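J.: Just so you know, the sequences run in chain order V and U. Note that our numbering has the first sequence beginning at 1, numbered continuously upward. Note that our numbering has the second sequence beginning at 1, numbered continuously upward.
Hints were generated in silico from the structure; no laboratory data involved. Fair warning: there could be bad hints in the mix.
Distance condition first, Cα-Cα at most 30 Å in a straight line; then the derived DSBU-like pairs of lysine-lysine [what the hints assert, rightly or not]:
(1) U:K298 / U:K287
(2) U:K255 / U:K226
(3) V:K78 / U:K386
(4) U:K291 / U:K226
(5) U:K386 / U:K226
(6) U:K287 / V:K35
Okay, the calculated beta carbon distance ranges per label pair [unchecked claim]:
(7) U:D169 / V:T169: 28 to 38 Å
(8) V:A24 / U:L482: 28 to 38 Å
(9) V:E241 / U:T16: 33 to 43 Å
These figures come from a predicted structure and were not determined experimentally. Beta carbons: idealized from backbone N, C-alpha and C, even for Gly.
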Amino acid sequence: MEEQIRMRKADFWTSLVFFVIATAMIASAFTMPFKDSFAGVQNVWYVSPALLPLAIATGLLILATTLLLNAVRTGGAKAAVGSLGRRAAAAGEATSRMLAAIAIIAGYVYGLIPRVDYFVATALFLQVFIAAFYLGRREIMRFLTVAFLAVAAPAFLADLVGRYPSPGTPSRYALDLVVALVLAGLCVVTWRRLAGDVAGRRRFSITLAVSLVVSLFTSVAFKFGLLVPLPSEGAIIRVMEEIQIALRPLWK
Amino acid sequence: MDIVAQFGAFFAVLFTLLANPFNWVLLIAGTVLGIVFGALPGLTATLGVALLTTLTYGLPIASAMVALLAMYVGAVYGGSYASILINIPGTAAAAATCLDGYPMALRGEGGRALGLTTTASFIGTILGTVALVAFAPLISRLALQFTSFEFCLLAFFGIVISGSLTAQDLFYKSWIAGLLGLALACVGRDNLQSYPRFTFGFSQLEGGIEIVPVLIGAFGIPQIIKTMRDPLHAAKPQEVRKILPDWGTIGRQLKNVARSAMIGIGIGAVPGVGEDVAAWVSYGVAKNTSKNPERFGKGEPAGVVACETANNACIGGALIPLLTLGIPGSPPAAMLLGALLIHGVNPGPNLPFERPGFLLQVTAIMLLCSASMYVCGILLCRQVIKVLRAPSEVFLPIVGVLCVIGSYAIGLNIVNLYLMVLVGVAAFFLIEMEYPIAPLVIGVILGPMADENLRRALMVSKGSFLPFFTRPVSVILIVTILLVMLNQVPAYRRRQTAFFDRVFRRRPAAA
């Protein structure tokens with residue numbers, strides 16, 4: 001029963017989201033050519049690019065209304081509105097883990113991957129993501145997640161306002177090294193926090209090994225094996241390129 | 001004579017594939033990787049095929065298909081390892097195998113159960129392949145008669161039917177998911193007039209949304225978030241002494257095997273409905289038709305055989321609509337569609353003309369994959385069991401990295417990554433609210449087909465909808481779509497049940 005109410009509560013909010021999406025789609029579809037000419041072609045309604053979006057948005061609007069009415073009928077809407085004024089209860093263990101996982105993935109993709117050297121970004125991501133969950137300690141999970149976001153969010157924001165250095169510039173390489181230093185610093189801090197926890201330190205050693213080996217393997221495999229340029233090639237990838245050039249005579 | 005020539009062509013293709021040693025490496029590596037992906041709870045066949053797609057896009061199409069199909073076949077089979085040995089299904093397709101596989105392992109028959117699953121999966125894959133080679137040309141020939149009217153309806157049919165069997169909560173949630181998928185497919189310049197739709201001024205969105213990153217996001221990211229939130233703390237795997245193919249038991253189960261294979265093939269051919277549904281349905285049928293239904297759930301070999309035959313037979317079934325109509329029969333087949341498109345292969349009725357011999361090639365590859373799965377399953381079983389001890393908190397972040405770099409590698413476009421995470425997080429919350437993801441994915445895939453053919457059909461009829469109701473195949477499709485939709489409405493189902501009760505059953509005698 002509680003699960004049903006929770007589901008209907010969620011239905012209430014999602015129906016509103018679908019309303020917004022459908023309305024925005026309809027508004028946008030009405031800006032598309034219907035009968036007027038586009039690119040020198042006189043349109044007729046049935047060839048209009050707005051035809052399918054309008055049909056989809058109308059369907060979505062009808063289904064969102066059905067979802068909303070069901071939520072109202074089954075008490076989901078009342079529960080959802082009632083919970084608005086109340087202070088949100090402290091996040092449970094599962095919710096904290098879910099939020100931490102989403103935050104780390106989002107930080108990696110939106111913050112680090114487009115800007116920081118692939119090897120450094122991936123090693124940091126793996127170290128934080130694995131340690132946060134594998135060590136099984138909530139305070140370490142929180143600390144690592146916050147520290148990770150403290151690196152990823154400024155990188156994202158700086159790029160958003162056009163202040164992040166361009167690829168190949170010395171200041172960009174310097175920032176790669178700063179992130180590498182953060183990686184090393186997090187290692188030291190986490191290791192010290194695990195003082196006296198033999199099993200925890202063993203797990204953290206595995207974490208470190210996995211994060212470095214996987215980062216190195218994927219960098220080499222994609223960059224030199226599949227010949228795919230990496231999203232951001234910074235200081236470490238440049239070093240790898242130099243090593244490859246130096247070693248090339250050995251197999252040529 | 002024609003059949004002899006076809007057989008000759010088939011063996012020629014088979015030997016050409018085998019003549020390339022690189023294909024051997026891909027076949028064995030793909031199978032082993034597939035078994036490992038299937039065995040590890042939290043990793044799925046779809047995710048395996050998705051990640052491998054990103055690694056094989058530089059290979060020739062034949063070699064890429066060897067790796068991808070080996071992964072697909074191996075992963076569907078590999079799911080049974082975790083089901084039998086730790087009572088946690090490695091993939092959703094093997095969930096039903098837990099019911100009888102784990103009790104067998106508890107009795108000390110883990111090796112026998114694994115031998116049975118290996119043999120049943122092998123037979124299932126072979127029978128699925130036979131169905132593929134038998135039905136695909138017929139459906140292709142039929143589909144050649146289709147025009148824009150039928151293709152438009154076929155796209156909607158795919159979306160509706162994939163939702164009908166996967167919806168768990170409110171029936172219309174599957175329709176909402178399908179519409180969201182179609183809405184995503186509208187992003188970018190439209191195919192007929194090149195008008196930019198929902199691009200918000202971003203030039204990166206003008207080419208539309210790439211299918212593979214969306215699929216990786218929809219299937220990979222929710223799996224990672226869910227498993228990190230609720231980690232799978234697997235128990236110590238049950239001991240396995242000897243793994244031998246139990247042909248004797250299979251021989252006594254021939255009727256069960258044939259029936260389960262037919263169920264698997266049939267369900268596989270239904271767009272978007274995967275191996276998990278096939279396994280559950282065939283398990284239910286095997287139990288209901290058994291002379292000893294009370295033994296099911298307590299370690300009955302027939303239960304294991306039914307599930308494993310059906311889920312592997314489903315693969316061949318899922319390839320039938322994929323290759324003949326361009327509509328994927330299951331989520332991993334949706335990934336295969338993405339891979340085929342990347343390689344410049346457009347599955348559909350024109351495939352036999354554009355790429356003659358491709359169907360034979362796929363059939364030969366399926367045959368090789370089933371043989372490879374059988375050999376690797378028997379020989380490497382004990383080594384794969386060791387993988388079950390790997391903690392999910394370690395391997396899922398690695399999968400996360402592969403999702404990211406794989407999605408990026410396909411188009412070298414960072415926007416693909418942004419989309420992948422957005423779609424992935426949205427898919428996670430939709431799954432939490434019991435929205436099926438299959439219709440969403442099928443919507444993204446079939447959206448362009450629906451859009452283009454709807455407008456093309458209306459152009460032909462000068463804006464009239466009448467031909468939709470006068471063309472025989474169109475009418476059949478419309479009736480089927482309406483029936484499938486109606487069948488999901490609880491009020492209609494209640495009335496339908498009451499009607500059949502009235503017609504076919506006697507009313508209880510009045511007191």
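J.: To test your reading of the hints: which numbers does this structure violate?
T.: Violated hints (numbers, rising): 2, 3, 4, 6 and 7; every other hint is consistent with the structure.
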